[in-house]
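Enquirer: These are the residues of each chain, in order.
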Amino acid sequence: MNPYLTRRGALGLGAGAGTAILLSACGDSGPNEKVTGGGPNAAPAATAYTGPNVSLAFWNGFTGGDGAFMKTLIDQFNTEHQNIKVSMNVYQWADYYQKVPAAVSSGNGPDLGIMHVDSVATNAARGVILPLDDLAASLSLTEDDFSPPVWQAGVYNQKRYGIPLDVHPLGLFYNKTVMEKAGLDPEKPPATADEYLTALDKLKSAGVQGSWATPFQFTGSMWFHSLLWQFGGDLFDAGAQKATFAQDPGVQALTWYTDLVRKGYSPRNVAQDADLVALRNGKNALNWNGIWTINTLSEDKNLQWGAAPVPQIGTQKAVWAGSHQFVQFKQRSQDDNKLTAGKVFINWISQKSLEWAKGGQVPARKDVRESAEFKALPAQAALAQQIDYVHYPPSVPGIGDALNTVVTAVNESVLLRKEPAKALSDAAAKADQILEQNRKKYGG
Amino acid sequence: MTILQERTQAADETANPPMRRNASITPYLFLVPYFVLFAGFMLLPAIYGLWISLHDWDYLLPGKPFVGLDNYQALFDPASAVFDFFWQSMQATGIFTVASVPLLLVVPLAVALLINRKFPGRTFFRAVYFAPYVLGVAVIGVLWRFLLDPNLGAVNAVLGTTTPWTTDLPWAWISLVGVTVWWTLGFNAVIYLAGLQDIPRELYEAARIDGGGKWAEFRHVTLPGLRPVLLFVVINTVLNSANMFGQAYLITQGAPGVETRTAIMYIAQTGLRDFKMGSAAAMSYLLTIALLLISLIIFRLFRTKD
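Those sequence lines, one after another, are chains A and B.
Sequential numbering of the first sequence, starting at 1, is according to UniProt numbering.
Sequential numbering of the second sequence, starting at 1, is according to UniProt numbering.
Just so you know, these hints were derived from the structure itself, not from any lab.
Incorrect hints may have been included.
[As the list claims (entries may be wrong)] With a straight-line cut-off of 30 Å between C-alpha atoms, the simulated DSS-like cross-links for lysine-lysine are: (1) K181/A <-> K263/A; (2) K64/B <-> K242/A; (3) K71/A <-> K188/A; (4) K99/A <-> K64/B; (5) K440/A <-> K71/A; (6) K440/A <-> K214/B; (7) K176/A <-> K317/A; (8) K181/A <-> K202/A; (9) K317/A <-> K204/A; (10) K159/A <-> K64/B; (11) K159/A <-> K176/A; (12) K263/A <-> K176/A.
Please read all numbers here as calculations on a predicted model, not as lab measurements.
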């Protein structure tokens with residue numbers, strides 16, 4: 001047994017994919033056929049299931065505190081629907097996005113799943129997921145039910161492939177105890193650039209580096225995305241033909257972010273998640289982190305913490321967000337009973353998104369967000385204020401490949417290994433090449 | 001003489017013809033099961049991989065256009081999307097291999113020489129040195145990632161330093177090499193121990209009689225005696241180091257930037273995350289060719305000394 005993952009071991013990582021290739025090559029072209037159906041005029045799907053008993057496999061990546069909430073909802077659904085049994089399998093998201101396409105391709109895919117909004121277009125283009133316009137019609141869902149960015153994000157080539165379950169934006173999480181010790185009002189977190197820098201100076205005087213800047217994707221890249229939009233820039237031009245994040249707004253954004261390190265407001269060389277651990281340990285005061293942080297911070301009974309919208313550093317309000325979207329997976333042979341039952345499940349969960357919100361999310365549906373029950377969840381409600389200015393990457397297949405170059409640029413800049421402008425221009429050049437590659441590949 | 005020859009020939013004619021016919025195919029029958037496994041799980045996938053590397057291959061897209069040697073050409077074209085990243089990752093693999101192989105040859109040998117003596121607790125120490133090897137890369141990776149965390153890890157807390165073990169150079173390489181040596185030195189030590197025990201004791205006695213000291217014994221008896229084992233250890237260690245993936249993926253995540261992203265890590269990302277399997281396959285074959293050349297050179301070096 002070799003001590004490292006050998007090449008054989010690394011290729012073994014693709015064993016599922018390899019098996020899928022062989023089965024795909026040997027079988028008919030079933031899962032690779034162009035997906036048909038869907039579109040804005042699809043007839044509404046059923047809202048109740050009266051067929052024979054079915055079992056539905058539901059795969060997702062809820063490995064955090066949110067998984068328990070989803071399990072509770074599924075148990076409730078199974079109790080209320082005797083002829084539908086949903087079983088949940090949970091994988092790390094990174095593994096999930098490798099396993100699911102391979103499983104679908106080999107004809108062993110799950111029936112239902114969740115995808116992040118930035119993965120929907122890629123998997124639609126690759127024939128992994130099915131259009132859900134009929135489900136949107138039966139739910140009577142229209143753009144008015146969601147904030148526009150949330151609703152538009154699940155569409156690829158004029159077809160809807162995802163039903164939004166939630167929005168998970170970035171927010172400002174703050175340690176009230178640390179703020180108080182530095183002479184700051186713990187009930188009034190900074191909301192503007194001036195307030196933010198003033199707070200950091202006071203914290204610095206009190207011996208605290210108050211805003212740890214992480215160089216890693218979680219959540220350094222998301223922080224940069226937010227700042228980029230706030231300074232009036234964008235990641236790509238219309239239709240994602242060219243990367244635009246290296247233009248002036250991007251340089252301003254990354255310079256501001258990197259200056260947190262250069263001006264001593266953050267330690268240098270912050271490791272992945274160290275910023276959040278420091279917030280809990282009283283060594284950090286202000287942390288831009290995802291809403292999933294609510295579950296983590298809630299576990300610590302001794303911690304006095306709060307959540308607020310991210311401050312407006314640039315010229316306009318903007319914040320990075322993701323969204324979990326329900327999807328249905330293509331099967332080698334279509335089972336109409338399972339398809340119908342699956343839509344009933346998605347329909348049901350969609351109307352229970354308040355329960356899901358308690359697991360640390362912002363409901364995608366406007367009526368749930370505006371309900372008194374949701375507003376009684378202080379952290380979630382605070383972050384929900386950002387709903388109308390959240391941003392997502394464009395719904396373009398393969399967009400994640402190009403976004404990886406931004407992750408690298410932020411990493412190199414915040415670790416002080418490259419100037420912000422240089423890091424971004426290098427990344428943009430690479431992103432342009434990747435975008436061109438993907439246009440050839442996906443025919444966009 | 002003639003009678004004897006006739007008798008011998010008669011015996012041959014009587015007894016041997018059936019044996020000869022059976023003997024000609026028996027060895028191949030014994031080899032068939034292993035050949036089936038070898039062909040099915042090594043040969044065919046390798047050939048299939050070559051086929052994939054000639055295409056723009058995403059196993060879920062209906063179109064997998066034939067592109068000839070474009071995937072290989074892109075690896076040598078500075079203007080392509082993959083050139084910079086690929087050679088950066090090859091450089092990372094090279095740095096790690098050059099830094100870790102000498103240590104993984106010398107340190108285990110020292111450990112083996114120490115353990116090879118008779119002393120109380122010998123079995124205990126052998127177990128202690130070998131124990132980390134039993135753990136999988138995921139356990140090792142997560143364990144040391146937390147220990148080496150620059151801000152909150154135990155190593156910096158104990159040393160009273162703020163060394164960025166996982167987020168800056170050269171510390172990231174020192175961390176990866178250190179963890180790998182700690183993890184795997186037990187394996188090489190055991191191989192060396194087996195080799196040491198095969199060296200005849202008489203040779204040491206003869207060297208002692210001739211008045212040789214410890215160093216002379218080591219140089220003229222131990223090292224020559226270990227040469228066959230050393231060949232295996234060198235090649236095995238070089239190949240394993242060149243295939244390093246788990247440690248970098250878990251401990252440094254390829255940071256800072258992509259400095260510690262090794263070739264296997266980049267190949268895995270290209271093929272399994274970006275689903276550009278043709279490109280990933282081409283990179284794999286290029287790495288394979290490089291490692292074949294290195295192995296051949298090592299074989300030549302060992303043969304030359306004989």
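Enquirer: Each hint: holds or not?
Expert: Checked hints:
Annotation: proposed proximity of K181/A to K263/A holds, straight-line Cα distance about 21 Å (limit 30 Å). Proposed proximity of K64/B and K242/A is supported: the alpha carbons are some 25 Å apart, at most 30 Å. Between the alpha carbons of K71/A and K188/A the distance comes to roughly 36 Å, so the proposed pair goes past 30 Å and is violated. At most 30 Å may separate the alpha-carbon atoms for a hinted pair to count; K99/A and K64/B meet this at roughly 20 Å.
Among the hinted pairs, K440/A with K71/A is inconsistent with the structure: their alpha-carbon atoms are about 41 Å apart, more than 30 Å. About 67 Å separates the Cα atoms of K440/A and K214/B, which puts this hinted pair outside 30 Å; it is violated. With a C-alpha separation of about 24 Å, the suggested pairing of K176/A with K317/A holds against the 30 Å cut-off. At roughly 10 Å between alpha-carbon atoms, K181/A and K202/A fall within 30 Å of each other, so this suggested pair holds.
For the hint pairing K317/A with K204/A, the CA-to-CA distance comes to about 26 Å; that is within 30 Å, so the pair holds. Simply put, K159/A and K64/B have alpha-carbon atoms about 24 Å apart, close enough for the 30 Å limit, and the pair holds. Distance restraint check for K159/A and K176/A: the Cα-Cα separation of roughly 46 Å exceeds the 30 Å cut-off, and the hinted pair is therefore not satisfied. Between K263/A and K176/A the CA atoms are separated by roughly 23 Å; this keeps the pair inside 30 Å, and the hint holds.
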